[in-house]
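*Asks:* First to last, the sequence lines map onto chains A and B.
With this note's numbering, the residue at position 286 of the first sequence is 286, and numbering never jumps.
With this note's numbering, the residue at position 114 of the second sequence is 114, and numbering never jumps.
Since the hints were derived computationally from the structure, they do not count as laboratory data.
For each residue, glycine too, the CB sits at the ideal point set by N, CA and C.
Each hint should be verified, as a subset may be incorrect.
Result set (EDC-like, lysine to aspartate or glutamate): computed pairs, CA atoms no more than 16 Å apart in a straight line [claimed, not checked]:
id, chain 1, residue 1, chain 2, residue 2
1, B, LYS7, A, ASP221
2, B, LYS3, A, GLU254
3, B, LYS3, A, ASP221
4, B, LYS33, A, ASP130
5, A, LYS228, A, ASP252
6, B, LYS7, A, GLU254
7, B, LYS56, B, ASP69
Residues of chain A clear of chain B, computed beta-carbon distances all greater than 12 Å [claimed, not checked]:
id, residue
8, PHE24
9, ILE33
10, LEU118
11, LYS165
12, TYR189
13, PHE208
14, VAL218
15, GLN229
16, LYS301
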Amino acid sequence: MGASYQAVGWNRQKKLYDWLIFGFCSLYLATFIVLTAVFNPDYTFETVLIRSTSTLALLLLHIILSIGPLARINKKFLPLLYNRRHLGVTMFTIAAIHGGFSIFQFHALGNVGPLVSLFTSNTAYGSLADFPFQSLGFFALIIFFLMAATSHDFWLHNLSPKVWKALHMMVYFAYFLIIMHVMLGVIQYETNPVFVLILAVGSLTLIFLHLIAGTREVKKDNMKYDLKQDGFVMVCSVNEIEENRAKMFCIDKERIAVFKVEGKLFAINNVCKHQNGPLGEGKVVDGCITCPWHGYQYLPKNGQSPPPFKEKVSTYDVKVLKNNVWLNPIPYPEGTEREGANF
Amino acid sequence: MIKPLRKRHLQAWALLAMLLPLGIISAWLAIPKPVHNNLLQPPVGKALPVVVKTFKKTNYIVNLRSNADSSALQLEWINNTALTISSALIYQKFDADSSNDMHEADLIGRLDARGIFYFPLKNTHVYKKVHFIIYDIIHHQVIEQIDF
Numbered sequence: 001m002g003a004s005y006q007a008v009g010w011n012r013q014k015k016l017y018d019w020l021i022f023g024f025c026s027l028y029l030a031t032f033i034v035l036t037a038v039f040n041p042d043y044t045f046e047t048v049l050i051r052s053t054s055t056l057a058l059l060l061l062h063i064i065l066s067i068g069p070l071a072r073i074n075k076k077f078l079p080l081l082y083n084r085r086h087l088g089v090t091m092f093t094i095a096a097i098h099g100g101f102s103i104f105q106f107h108a109l110g111n112v113g114p115l116v117s118l119f120t121s122n123t124a125y126g127s128l129a130d131f132p133f134q135s136l137g138f139f140a141l142i143i144f145f146l147m148a149a150t151s152h153d154f155w156l157h158n159l160s161p162k163v164w165k166a167l168h169m170m171v172y173f174a175y176f177l178i179i180m181h182v183m184l185g186v187i188q189y190e191t192n193p194v195f196v197l198i199l200a201v202g203s204l205t206l207i208f209l210h211l212i213a214g215t216r217e218v219k220k221d222n223m224k225y226d227l228k229q230d231g232f233v234m235v236c237s238v239n240e241i242e243e244n245r246a247k248m249f250c251i252d253k254e255r256i257a258v259f260k261v262e263g264k265l266f267a268i269n270n271v272c273k274h275q276n277g278p279l280g281e282g283k284v285v286d287g288c289i290t291c292p293w294h295g296y297q298y299l300p301k302n303g304q305s306p307p308p309f310k311e312k313v314s315t316y317d318v319k320v321l322k323n324n325v326w327l328n329p330i331p332y333p334e335g336t337e338r339e340g341a342n343f
Numbered sequence: 001m002i003k004p005l006r007k008r009h010l011q012a013w014a015l016l017a018m019l020l021p022l023g024i025i026s027a028w029l030a031i032p033k034p035v036h037n038n039l040l041q042p043p044v045g046k047a048l049p050v051v052v053k054t055f056k057k058t059n060y061i062v063n064l065r066s067n068a069d070s071s072a073l074q075l076e077w078i079n080n081t082a083l084t085i086s087s088a089l090i091y092q093k094f095d096a097d098s099s100n101d102m103h104e105a106d107l108i109g110r111l112d113a114r115g116i117f118y119f120p121l122k123n124t125h126v127y128k129k130v131h132f133i134i135y136d137i138i139h140h141q142v143i144e145q146i147d148f
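Produce the entire structure from the sequences given, and follow the hints as far as they go.
*Replies:* Shown next as structure tokens:
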């Protein structure tokens, strides 16, 4: 949001986030290597590197995929959401190390090129026990690479939000590929059932979190408002909205955030222009509605970002009758100034 | 997040909620059961005290061992260096027939590339000429023949 372009807007929170990621990954890898040296001294360093990076990448993937629903369920997890892309890029880097060493260990120095060997050395696609699981991991890595390469806002703008989001939702398909890569790969050889159990618990936890959070959100979206008058819909009582905070309502196509600011109510579109963050979950800071995801700001009276910024969101009419808030779901053009409702 | 995207996320996870358990269970059921090799006698852990005969080569030493009263017989295989083959079988044939026909041979045990191995033998063979065949099971070829 700076007036002059910066590739990465480093701030204290980003730096802390990245240091925590670095510290966690280093600790994990060091612990894994030491424990392997103690309990399995026969393993070569390449094998240890392949196994340590694979398990770390899998763990990071589970953490990344849990952040979204956790932040929906409990706002305390929101700080993890802000720079989730840093975790994603880290996970890809570690997965790429795993993939690179695996391809070298198992497919290099042969009669054919390593990538040719990867796809031709085992073609038992009809068998589960002998399935060419490595190709599943390869395709998942391609998806993670595309996501990491386009993680910057530059690509969000240039690919268009629709294309960018479609690409990044492929993480779910990649997750399925990775689970099958593990189940049809190393699990076929490791006899200890603990590994299957850990994987199953991880997957079930993610399924549970996403279904819970998703169901709650869709339920909010489908809530019906029966009291209607002259195009306005009664949504809540004035007392239900905290000062400098909002409540969100989905009446038509999209959610509307109604903010209470200095004795007045203002209604704007809930979707932030930056990355579609939920403005209604933010708060008013220095007179501006502030998106909880990345701090983009909008003035309550007209939905415009304060100068020199140019983002705008739609505004709506809102009125108060007998302490009840009535909202007109028909949006004004983005940036239109509307009088707030006194109460 | 916008409303259609919320719906799409929920649909994606509803699908994963079916596919993931199905995939995990199918793969788990497909894990091959460990093959219990009933053909091979387990190697005996300790060497018998008496060395009856010895066969030496650069890479390995083979000893025929017995106990003091010759009631038990044992084949000891000592790898001096790693075998160039990853796995081999040892067969035994009686003195009348020194050919390499595996169908008429008794399977004694399996060798790995490194280590020391002990295989119990039937002691009625100890006074007859004993012919051992070392067979590479991967390349299907005889590697060595040892006559005692």
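*Asks:* List in ascending order the numbers of the hints, as given earlier, that are violated by the structure.
*Replies:* 7, 11, 12, 13 and 14
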